[in-house]
Amino acid sequence: MKKISVIAAGAALIAFVAGEAQAQATLDAVKKRGQVICGVSQSLPGFANPDAQGNWAGFDVDMCRAVAAAVFGDAKRVKFVPTTAKERFTALQSGEVDFLARNTTWTMSRDTQLGFDFVGINFYDGQGFMVTKKLGVKSALELKGATVCTQTGTTTEQNLADFFRANKMEYKVVAFEKNDEVLAAYDSGRCDVFTTDRSGLAADRTKLKNPNDHVILPEVISKEPLGPLVRHGDNNWGDIVRWAFFVMLNAEELGVDSKNVDEMKKSANPEIKRMLGIEGDFGKMVGLDNNWAYNVIKLVGNYAESYDRNVGPNTPIALSRGVNALWTKGGLQYAPPIR
Amino acid sequence: MAVDVRETARAPDTPIWLDSRYRAIFFQVVLLVIVLGFGAYIFHNTYANLERRGIASGFGFLGSTAGFDIIMHLVPYSAASSFGQALLVGLLNTLVVAGIGIVFATMLGFVIGVARLSRNWLIARLAAVYIEGIRNIPLLLQIIFWYQVLGKSTPGPRQSIGILGLFFINNRGLYMPAPVFQEGFWLAPVALAIGIVASIVVFRWARARQVATGQQFPILWTSLGLTFGLPLLALIVMGMPFHWDYPELQGFNFSGGMVLIPEFISLTFALVVYTAAFIGETVRAGIMAVSHGQTEAAYALGLRPGPTLRLVIIPQAMRVIIPPMTSQYLNLTKNSSLATAIAYPDLVAVFAGTVLNQTGQAVECIAITMAVYLTTSLTTSVFMNWFNTKMALRER
Ligand SMILES: N[C@@H](CCC(=O)N[C@@H](CS)C(=O)NCC(=O)O)C(=O)O
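Quick mapping for you: the protein sequence lines, in order, are chains A and B. Just remember that this note's numbering sits 1 ahead of the position in the first sequence, which is counted from 1. Just remember that this note's numbering sits 122 ahead of the position in the second sequence, which is counted from 1.
A hint or two may mislead.
[As the list claims (entries may be wrong)] Pairwise CB distance ranges, derived in the manner of DEER restraints:
| id | chain 1 | residue 1 | chain 2 | residue 2 | range |
| --- | --- | --- | --- | --- | --- |
| 1 | A | Leu209 | B | Pro363 | 45 to 53 angstroms |
| 2 | B | Ile164 | A | Gly323 | 43 to 51 angstroms |
| 3 | A | Gly35 | B | Val155 | 49 to 57 angstroms |
| 4 | A | Leu209 | B | Tyr368 | 43 to 51 angstroms |
| 5 | B | Ile156 | A | Leu333 | 55 to 63 angstroms |
| 6 | B | Asn242 | A | Ala185 | 40 to 48 angstroms |
| 7 | B | Val155 | A | Ala30 | 29 to 37 angstroms |
| 8 | A | Ala167 | B | Ile245 | 54 to 62 angstroms |
| 9 | B | Ile245 | A | Lys169 | 56 to 64 angstroms |
| 10 | B | Ile285 | A | Ala185 | 56 to 64 angstroms |
| 11 | B | Ile259 | A | Ala167 | 41 to 49 angstroms |
| 12 | A | Ala185 | B | Gly373 | 22 to 30 angstroms |
| 13 | A | Ala30 | B | Glu254 | 49 to 57 angstroms |
| 14 | A | Gly55 | B | Val251 | 36 to 44 angstroms |
These are computed hints drawn from the structure, not numbers from a lab. Even for Gly, the Cβ is constructed at its ideal location relative to N, Cα and C.
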């Protein structure tokens, strides 16, 4: 882990030192390579997790596949690069990956100082706490004096400090580099509390021996708008990733999914016509084929399909849509129209 | 070096570009210009690329609020402190592991090295097994191993293993009473300093006397008495101006007292065990480099094996031992950066890790971290070189 981050940092240095500006060049590089390189989590069930055969699956993974589908018409043309929370930004800055879909919180400093552009919010989240049931803790406000395990290089580390400071409670933090190390430390009793995004808690809980021995406390202590991000400066590439995501949302809103998309090509609805490339030249506008959105929906599915398949109520992660429902259903997910 | 006058003096008719002296200077200047030019090119390119990608650069971030906590800090630190203070915390955490590691690794290493040369078959074999076993397993694995062992073998806070009701061991660390200083305590450190200086004076005097008259002086006991006796006396005079803060089980865990966190214990332990194997070999090589005739001569003079080792063999062996020992010390210090693997907040974990990540200033953070390691290593080298000259053979 250390080695990788040193390599990543080294790569960043080299890229800064020698690298030519990559403005507008990402799409060309991706096409030439024949693959999208996507930075994902190392293993977070439901979000990005390789199975025994090394096939990646998850909500973030679908974002990667959607971009590959839009660019190549082939959702398999993705190389997944697992990154720790700490390495991910260097990996993107140095050009090691084309974009990150790695439950990353959109913050001002990341957007500006780090030289990135967030293209949207594919999951509205917030930070929470998980404890073992036998501690008998009911609220985060009872955590005075507790030892908390977390991952370095996250917003989590800072929110945690803010929360305990604001509530004038003492605490100890043990910060590991890898998520699996955090989980192992929590499991072995090094810490009383495990903290991260609540989606992450739900996902990580499934990795514990007896998920039911652990509770996620009710408090949500932060806003964690998670979304894909690209390097600042190559706006065309940013547009592609952004609109691949918006296609998934718009498709759900318009009732188009991977099963009915071929029929929907005959739809009379002009919005669907524009999206599926029957009318207009929307693919061309981002430098792609007019089939781009059709491919995303056909090969990956719409937002609801991806959500339900990976993290929805019928999966072990069991997250209800909540604020991630479409705006038409009382949620926050809202995509600008394709027109 | 003798200079041949005939060669260096330029024959009046040789043009300047054919003169070997000037030519040598010319090529050195060219090389220097190329190196500097390359450096400037890299610097400029880096800066331009950072600028173009909109990545902030500069060292201004050191003053901004860190916003994260660190579990172990030897100086006051909180989330409200600056990134610069986080750097200091990380550095001190590295130095304390390195310092303690060096002391214990040296002691253990000497024991192992001498043991491997022991005439007792079992002891020599055990030392050999230790050395071969330890130095052939990657250090990272050893660190993780000890961390796991410590984590798995210790109970939770409520089942802590108590020793005399003063010390408590659990999976959060080793808890112990901490002294709380009161007014008047200042005399103790002053007395300690006086004791140390006095010991050095006595040591010099005793050595001079021994050289002059051959009379020995119980220098060890005297200096121990001075260094520890004087501060004790000072404390008694001031009426014991401190009290103990005892660790107490409160809520989730012990509070009060001091704690050595498991990350610190396992990292230091692994570094000591690992480095001692190498130091042991260095010590063995040093001792073997002293010819056996020296031992025989000492025995012939009637010295017992103990004093022979201490007064004849070790001083001569030291000359062989010190230079490679310096490398071991430097290695230990640098190896302490493997701390990241077990969440010990050392310089790399805190500064090249969390701070780098929070600020995104990879170039600056890595550069500062490298500069700090370089300074630490150079300081160690300078000290060891000084020590080496002290120990060098003085020809009389
Ligand atoms: N959203 C936060 C935290 C993201 C994060 O790294 N979360 C951890 C814990 S859920 C994670 O995804 N780990 C997965 C891994 O490292 O493989 C951020 O962007 O800083």
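Hint by hint, here is what the structure shows:
| no. | hint | verdict |
| --- | --- | --- |
| 1 | A/Leu209 - B/Pro363: 45 to 53 angstroms | holds (51 angstroms) |
| 2 | B/Ile164 - A/Gly323: 43 to 51 angstroms | holds (50 angstroms) |
| 3 | A/Gly35 - B/Val155: 49 to 57 angstroms | violated (44 angstroms) |
| 4 | A/Leu209 - B/Tyr368: 43 to 51 angstroms | violated (35 angstroms) |
| 5 | B/Ile156 - A/Leu333: 55 to 63 angstroms | holds (58 angstroms) |
| 6 | B/Asn242 - A/Ala185: 40 to 48 angstroms | holds (43 angstroms) |
| 7 | B/Val155 - A/Ala30: 29 to 37 angstroms | holds (36 angstroms) |
| 8 | A/Ala167 - B/Ile245: 54 to 62 angstroms | holds (60 angstroms) |
| 9 | B/Ile245 - A/Lys169: 56 to 64 angstroms | holds (58 angstroms) |
| 10 | B/Ile285 - A/Ala185: 56 to 64 angstroms | violated (28 angstroms) |
| 11 | B/Ile259 - A/Ala167: 41 to 49 angstroms | holds (46 angstroms) |
| 12 | A/Ala185 - B/Gly373: 22 to 30 angstroms | holds (24 angstroms) |
| 13 | A/Ala30 - B/Glu254: 49 to 57 angstroms | holds (50 angstroms) |
| 14 | A/Gly55 - B/Val251: 36 to 44 angstroms | holds (40 angstroms) |
Violation of the numbered hints given earlier is confined to hints 3, 4, 10; the remaining hints are satisfied by the structure.
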